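Chains B and S, in that order, are what the protein sequence lines are. Going by our numbering, the first sequence opens with residue 1, and the numbers climb by one from there. Going by our numbering, the second sequence opens with residue 1, and the numbers climb by one from there.
The hints are simulated quantities; they were obtained by calculation from the structure and are not laboratory data. There could be a bad hint or two in this list.
Using 25 Å as the maximum straight-line C-alpha spacing, the simulated SDA-like pairs for lysine to any residue come out as follows [claimed, not checked]: (1) B/Lys126 x S/Phe120; (2) S/Lys130 x B/Asp136; (3) B/Lys66 x S/Ile116; (4) B/Lys117 x S/Gln102; (5) B/Lys117 x S/Gln264; (6) S/Lys113 x B/Ser125; (7) B/Lys93 x B/Gln158; (8) B/Lys68 x S/Glu181; (9) B/Lys117 x S/Val152; (10) B/Lys105 x S/Glu254; (11) B/Lys100 x S/Thr289; (12) B/Lys105 x S/Ile42.
For clarity, every value in this text was computed on a predicted model and none was experimentally measured.
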Amino acid sequence: MSESEQGIGGLWVRVFIMGREHEVPQGLTIMKAMEYAGYQFIRGAGCRGGFCGACGTVYRLENDYKLKFGLACQTTVEDGMYLAVLPFTPAEKAVYDIEKLRPSKTVLLEYYPEIAKCVSCNTCSKACPQELKVMDYVQAALKGDIVKVAHLSFDCIQCGLCAMRCPVGIVPYFVGQLARRLYARYISKPSRMPTLRVEELKEGKFDAEFEKLLSMNLEELKQLYEKVEMEE
Amino acid sequence: MMGGNGLEQLYFPGCTLKTTAENFEITAKETAKVLGVNLVEIEDWVCCGTVHSLTTDDLMHHLAPTRILIRAQEMGKKMGLGWEDGCSLFTLCSMCYNTLSQLNELVKESPDKLDIINDFMDEEADYEGKVKVLHLLELYKQIGVEKIKAKVIAPLNGLKVAPYYGCLLLRPKKVAIDNLEDPTIMEDLIKALGADPVDNPYKSKCCGTFHTVDKPYLVANLAYKILTYARRAGAETIVLSCPLCAFNLENRQEEIKELYPDFQRMPVFYFTQLMAIAFGLGDFCRFETNYVDPLPLLKSKNIIKVKG
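The following block holds chain B by itself, in its conformation from the complex (with noise of 0.2 Å):
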């Protein structure tokens, strides 16, 4: 057995998936723990970096009332823990064409009416995996204001838990992206930089540096990498 079937320290945790118990190591996530089980994951897996979005999971301890939220490649298990991962949350996107649309006032309320059934209860927020303040994201675009919408769900990854959860019907993921799209398209200024190193590099400055590069063998490509300074 490898170290990581053993669990760190040689612990095991029980978890209850889809309400069957599993011993599983403790430290896994729980993505891994459900495939130490022997599931296979042919929906509801995608990036396994906690970026796509695909793996949202809801979950209950034992000796908790509250229902808590995760993603599966990102949450570890823990000992009586009771699991489903959510795949895909039904809901419905507005259709729009992003070069027709303008971003008034309106917008969002016009292609998602039921925002303004919001009760401001929150539950979405505390739903959310990414720790978002998704209530104040609907709330603001409830008032027109596009830029907030798009900056508080800028690191939304789409799981659908918030939508899950609305009491009301609210789909907050395709609104917050419904509203970074238009920033993009109309309230964004186009980025300076990219522009000028285009010029440049249409100008040929780095066509030296990059020969030197592609004249190198792997050793002194990777001692080269050892003294790149990195931002902190």
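Fit chain S to the given chain B structure using the hints.
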């Protein structure tokens, strides 16, 4: 607290003032400055929910107004706005005023309900029930007619104005901003600006509120009554403090015209727009967003001079 811009007062705008009624907010802020008041918007406010739920076990719909009052409470503490007696929170929209005010009454009467609400919102500070919800008209009453008069540089002489309270500023009695049968708070302001208030029988009749969405003609009929009786009483315009009342009394004049071809359109003002004109700040009124152009009336009264 006296800041560089005058007396600082916490202020709750509400969603509509950020979208379709921006002219209400901008004129309120600018005219308040003239009277030495700096309206400070509370941080991260949420929609009030627009209607106070009367269902006894429906606490869900009280979360939003409670959250607003918590955030006002915390900001009031941070700014040191007379916290020992609780700070004041001013509202502009009649609907927000009513919803927030009724919530305050509910938690005073039912501390058990406040406990449940506070427990549910475990991510917020507890609401202590001490924020005073007031309408901006009440602040202007406190400031007094004489001080307002002193700031008038373009008096609204000869303008006959019907005050319209609607159903939310005066009822229920425990949240009424004035005597619910015989209010004078708007009349006093109208007089201070140099205009003539015109009493009218439907001044506190409901405009039909959200029925405007699915029953526009029902609302058009209500608005027709309110406007027609105001005109019969001698009014040339109507003044109010609610974006939904404004929509129903102004934009529904289109449907009124369909139902009653003889109907004569009547301009509608927010009370802060009338103040802005009288204080010489007419440019903030953004009359281009008004459905019924009020400029011909103002020009005919020589209140706004015809240019060129």
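Could you work out which earlier hints the structure fails to respect and list their numbers in ascending sequence? 5, 8, 9
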